[in-house]
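We have chain D; now place chain P onto it with these hints.
Line by line, the protein sequences are chains D and P. Under numbering that gives the first Met the number 0, residues 0 to 449 are what the first sequence spells out, in order. Under numbering that gives the first Met the number 0, residues 0 to 404 are what the second sequence spells out, in order.
Keep in mind that the hints were calculated from the coordinates and are not lab data. Careful: at least some of the hints might be erroneous.
[Unchecked claim] Below, simulated DSSO-like cross-link-like pairs (lysine-lysine); rule was C-alpha separation at most 30 Å, straight line: (1) D:363 - D:417; (2) P:85 - D:360; (3) P:259 - D:291.
[As the list claims (entries may be wrong)] Derived CB-CB ranges, DEER-like: (4) P:47 - D:304: 14 to 20 Å; (5) P:182 - D:339: 52 to 58 Å; (6) P:197 - D:145: 39 to 45 Å.
Every residue, glycine too, gets a C-beta built ideally from N, C-alpha and C.
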Amino acid sequence: MILSYDRGTIVVDAGLDLPGVLVDRRTGEHRAPGHYYRAIVEHLLANRIPYTDNARGWDNAGTGWQLKVERVPFPHQSEAVEAWWAARKRGCVILPTGTGKSYVAILAIAKASRPTLIVVPTLDLMRQWHDQLGEYFGMEIGLVGGNEYNFQPITVTTYDSAYRHVDRWGNKYGLLIFDEVHHLPGPTYLEAAIASIAPFRLGLTATLERQDGGEYVLHDLVGPLVYRREIQELSGDYLAEYETRRVYVDLTDAERERYTVCREHYRRFLFESGVSLSGSNGWGRFVMEASKTPQGREALKAWREQKHIERAGEGKFRELDRILARHASERTLIFTADNATVYKIARKHLVPPITHQTKTKERKQILERFHSGEYTIVVTSQVLNEGVDVPAAAVGIVLSGTGSTRENVQRLGRILRKHGDKQAILYEVVARGTGEEFTSDRRRQHGAFG
Amino acid sequence: MLTGNLLRVKYYKSAVRPQWLDARDPQWLAAAEDLRSLYRDAVQKTRSEVQSDVNELIADSPTVLVLQGLAKLLDDRCEYETVAEKPPDEVREVAFRASAIHRAAMTASSGTFSRDEVIRAVSDELTLTPHEVETLLFADLKDEQRIHSFEDITPEQLLDRYNVALAQSVLLKSVGVEVKVWGDSPARYRQLFRAIRFRRLIATIREAPGNAFHIRIDGPLSLFSATQKYGLQLALFLPALLHCKAFELRAELRWGTERKEKVFELCAADDLRSHTADFGTYRPKEFELFADSFRSTVSDWTLADEPLPVTLPDGVWVPDFALTHMPSGTIVYLELFGYWRAVDLAKHVARLEQHLPGRFLVAASQQYRTDDESDSVPASVVHYRRTPSAEQIAKAALAQIRNAE
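With the rest of the complex left out, here is chain P:
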């Protein structure tokens, strides 16, 4: 993310508008390439050397703020380390002690403190040259640390990353966001809702016509006052939202030291590219295997892939399949649980039990279990090994309907 002094925004009444970079603009691409190659060649240089190289490269540019921002993002990709043939703190210890002894002796004999004499004594004791002593003395200061490695990035990616960082830095100042998403796959929605929960945020989700959702996101304390406490979590949540095909975001901000009320709006058309890997719509192979086997072996039921998310009073649940019992027309939703712990599964099932009794099944694989507590299995949970058995699921689904009646 960018620090406050590197933010580039304009104001239109109460709106805060980040100054996006056109990530396909040859001029920006060239500037990004210049800085990137500077960093690629900077391995083994000290932090202050790199900083002065950067300053020299960008000093008189009219767009110095952009370039400083790009440099900051590149610097974040560097690993720095202290390079010294002898630990500097050991050299210092010897030097400070020798200097204190010398100073006391001089005070006693009314002589004058001689720095050269101390340095000579230190270099004798450590078998170093006086020059080496001087160099080592503070070689571990931040400015003296050297770049050990740099994680490379293409100029396009750097410009994309810049735009996302700009948006994230604005979100740091937010007290809550409203998000609208539409026309996406259930797997994508699930990824989105999980990202909200993962960031320990509170979402109020309303379903809207046309496979759309309105989501208000903030945190527990937001109920009492507009707090920026969740700004960081909201900023970290943004990359997950950017994976959605169609979205609109509206963030309520408290801006500047006076914390003025401002608004930040972002939508899919702004074309920000998420820098986080997208695992969201990945479907494990056993899902297909299960669906095929269910369709070919179970007769009383039909199976629909990726049904729409189910709205519950306290949020939304995204099942993987909808099973329709043909004779009765009743639908039982099925979720294949990913990696799980017994406590989480129990909590999840209890919630569904409360809001959707008899209408759901959760299948949990023994191989994805991450703890080994023993527990009792409720009727709404089916355990399986590699791929859930179609017959077993159909039987459990029927039992669910019967139990509810």
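Next comes chain D alone, as it looks inside the complex:
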């Protein structure tokens, strides 16, 4: 029996009843999706069937990697790794942001001792993981994504690149780590997990909940939930103490008038075209109907204008000034829903913005100076929602955002990392009497917002 690897699949030379294997009449071979590799090998071993493994592209022996930095793990970190190990090196770990998920990954890599690919959602996170892994393992770490294409025994890549290049890396790594693993379900990204032959898999996240039930797919492709701790359980000992405050601001008379006009305008259009925004794919249907006629396009414009008013009304900027003055000596992160507002604030207050347009070098410099205290304020939209380390931040100001609980928990998480004896505060500035009140209620439906 010979196993070989072909562009995301395992090809075997005989048609035995092996897990996942089908006859491929196109090429006259027997083929299984890459992720069946482990099941196939275990089947062959259990049934004492001799085989030659030409599929596995790494040595089936320990890599001998030693951690260059000695650090005593927190109890929840070592427990998480032990639970994953006991589950035969497969599974998902849920830990709140700021409690050291990446150190869990580093411990797992060192223990599993196999070439490892780490998949992360953004280029910012990719760079952060790259620097951190380099520090702990003291060797060249590969990068694939952005303009980088360099595979090494330990490599960090984005979900997007992992999916696009899986044909090439699918048989090169024994351990796959998915950071923010809730991104994995979904028809495209999932293909990377299907096509890879890595027998060992670890998923990390702060929030596994999805609205589409995608967490069930994770069970098959990454493994069961092996360990979980909530913010409330770790607050104080491993996370900073925190409070969250909701501040309401009023629209100006002129804003209120435009808001009402715009809202009636687009709602009339929705009513007349029989589209419900809360229905299935409501937003998509609205955009499609709107693109058909000039009236529709006007309605879409009205929708945008009222959204803009509730997200970026004058009152919010006045409140922002007040909060900034109140916490003048503390490190503060400002979050908005859109980049235009980020740049508006950056220009007005002359504070550094971080968006997806910010180049790596500048981003690194801004974060370093924020950490050292040279800069005390950073404004961002969604870039810093996930994972990027800003331990010194004590104040978060959510000026606008989506209704997603995950986004809100992640934003809160940004200011929760222990740093001295800081007391963290997350402000949420909400436009009174607008749809934003509901948005705010929705995103606070999580234990962390008590």
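Here is chain P on its own, set in the frame of chain D:
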């Protein structure tokens, strides 16, 4: 290609039909010319300026979606760059630092933050005017970048490109295609089969009567589930198919967020024009030289140009010549190999050895070799310098027949 929001299709039951533009329609040609001249005059403008010019030109048009699509294709032909007399990131660094220092001083003295004061300090430090500081501050944002160059295109070409882009954007959603081609030259078929392999796709090729081929194209993982993973490769393969004289394509789609099963059909009569250069049927001069010399110097053999492709169990092989040994009536197929590496040649020869023992020859020119590994030469491979020698080929062909017997 077009982004999803610019797609224009209609639905007939399960069929997805792109709304083609008549590329000879004076009205579309005029619209294409308007947009094209807008872009020709837009060099040095910022992205947001060009975008608002485009919006102004097309805003109230009932065909705004078409025009946005044409504009997108023109925009893809532009190169943007940041224009600034001082690097904006350096200006920002000075500004953010000055602002932080000022803010700290004001907090300490219970004063109020003055933006003007910070800007003045920055302009002094950088010897710029306050206005220049304001302009430079974010001059490298995407919207502020300026068009450096625009690769021109005629209105006809733009409309043709639009139709192809429309078809490609639909193919992005495909999980596999069935293609039928017929009545074309061997060189064309070879180009087509190579394009499939170049895109790392899997083809199941069946020969049909009348110099026709049925080809099913998808990828390795398609065996297990309908995956759109190969949609991009299939879309990129399309221009090669458009070079064929006669073809029919049927793509199986998964449409929309619900991934509904739909079908997309395309044929030569849709008259899409490929935008990629057609090198497919080009025959190097040494082919003619070789054929002439073979016919005039070798007596026991006849030579046929461009024989039909040979069907093998795992696909199709397109030889350049068929040599018939007159005394025995045996045919030996000959391929003159283009640019090659030793590994590829060895793989190719091994495949032919398995399926066509004694019936083939491959001639590889030393001047087209792209590596310099030394290797042993099997009997089925003839190396040559500029043009293969007729005698050498005839001798090797005879040896092939003898070996097989």
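These are the hints, each one checked on the structure:
no., hint, verdict
1, D:363 - D:417, "holds (21 Å)"
2, P:85 - D:360, "holds (17 Å)"
3, P:259 - D:291, "holds (22 Å)"
4, P:47 - D:304: 14 to 20 Å, "holds (19 Å)"
5, P:182 - D:339: 52 to 58 Å, "holds (56 Å)"
6, P:197 - D:145: 39 to 45 Å, "violated (26 Å)"
Going down the numbered hints, you'll see the structure goes against just number 6.
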